[in-house]
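> Read in full-length UniProt numbering, the sequence shown has 45 at position 45, and its numbers run on one by one without any break.
Simulated from the structure, these hints should not be mistaken for laboratory data. Be careful, since some hints might not be right.
Claimed, not checked - DSSO-like mimics (lysine-lysine), calculated; alpha carbons at most 30 Å apart, straight line:
1) K109 - K168
2) K163 - K130
3) K17 - K88
4) K88 - K19
5) K67 - K130
6) K25 - K109
7) K58 - K168
To be verified - Each pair of labels, with its calculated beta carbon distance range:
8) K109 - Y169: 33 to 43 Å
9) N40 - D150: 39 to 49 Å
10) K31 - S83: 22 to 32 Å
11) D150 - T55: 20 to 30 Å
12) I164 - K19: 35 to 45 Å
13) F132 - K88: 39 to 49 Å
14) Y169 - N40: 24 to 34 Å
15) G117 - E85: 17 to 27 Å
16) P135 - M34: 27 to 37 Å
17) E167 - P135: 39 to 49 Å
18) D150 - I5: 17 to 27 Å
19) R121 - R42: 21 to 31 Å
Glycine residues also receive a C-beta, built at the ideal position from the N, C-alpha and C atoms.
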Amino acid sequence: MSEDILFTRRSIRKYIKGKQVEDEKVEYMLKAAMYAPSANNRRNWEFIVIKNRDTLDKIMDFHPYAKMLETAPMAIIICGDLSDESGKLYWQQNCSAALENMMLAAKAKDLGTVWIGLAPREERMNEVIKLFNLPEHIKPLGMVVVGYADGEPQMPDRFEPNKIHYEKY
């Protein structure tokens, strides 16, 4: 992976409306997500790929920060499987690693993404659980909105040496 991908990935909130994401790019993103590290190598994540316009619109109805779905062709919800002790303890870390891998993979394929939080907001999680009829042991962590960026945001300088501590705080 190019170093540039790590530093140029930005949150994209406006997409080229109507331009669909190719299936092979979606599969690449999902594969990258599944190569993320996970506690005890349990890989206790599940993914819901959403391309149906009515479903994307329903998400906008309940999530106050998901308005970019209006122009996006798709989204992927990352869920944790809490059916064992490892899942109960580490689902949020595992799913976050998978989600980040997914966004970097999207950037590598010239796609734009933005991470929309679900957990720990119970009201948002519950709406997703209801909309997708999730079983009790599956909990939604977040959603990655995916599409072709309509413009490219500026790259800020985010390196902050004052936040680095060696050997002690």
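> Is 17 to 27 Å a correct range for the gap between the Cβ atoms of G117 and E85?
25 Å, holds
> Confirm or reject the claim that E167 and P135 have a C-beta distance inside 39 to 49 Å.
About 46 Å separates the Cβ atoms of E167 and P135, which means 39 to 49 Å holds.
> For K25 and K109, compute the direct alpha-carbon distance and say whether it is at most 30 Å.
7 Å, holds
> Is 21 to 31 Å right for how far apart the beta carbons of R121 and R42 are?
25 Å, holds
> I want to verify a distance hint. Is the separation of the beta carbons of K109 and Y169 within 33 to 43 Å?
40 Å, holds
> Check whether the Cα positions of K88 and K19 lie no farther apart than 30 Å.
38 Å, violated
> Within 27 to 37 Å or not, the Cβ separation of P135 and M34?
20 Å, violated
> Measuring from beta carbon to beta carbon, are I164 and K19 in 35 to 45 Å?
40 Å, holds
> Does the hinted range 17 to 27 Å hold for D150 and I5 at CB?
Hint holds: Cβ distance 20 Å, inside 17 to 27 Å.
> Is the hinted pair K17 and K88 satisfied, with a Cα-Cα distance of at most 30 Å?
Not OK: K17 and K88 at ~38 Å, beyond 30 Å, violated.
> Between K67 and K130, is the straight-line Cα distance small enough, at 30 Å or below?
20 Å, holds
> Given the hint of 24 to 34 Å, check if Y169 and N40 actually sit that far apart at their C-beta atoms.
30 Å, holds
In summary, the structure is inconsistent with hints 1, 2, 3, 4, 7, 13, 16 from the numbered list given earlier, while agreeing with the others.
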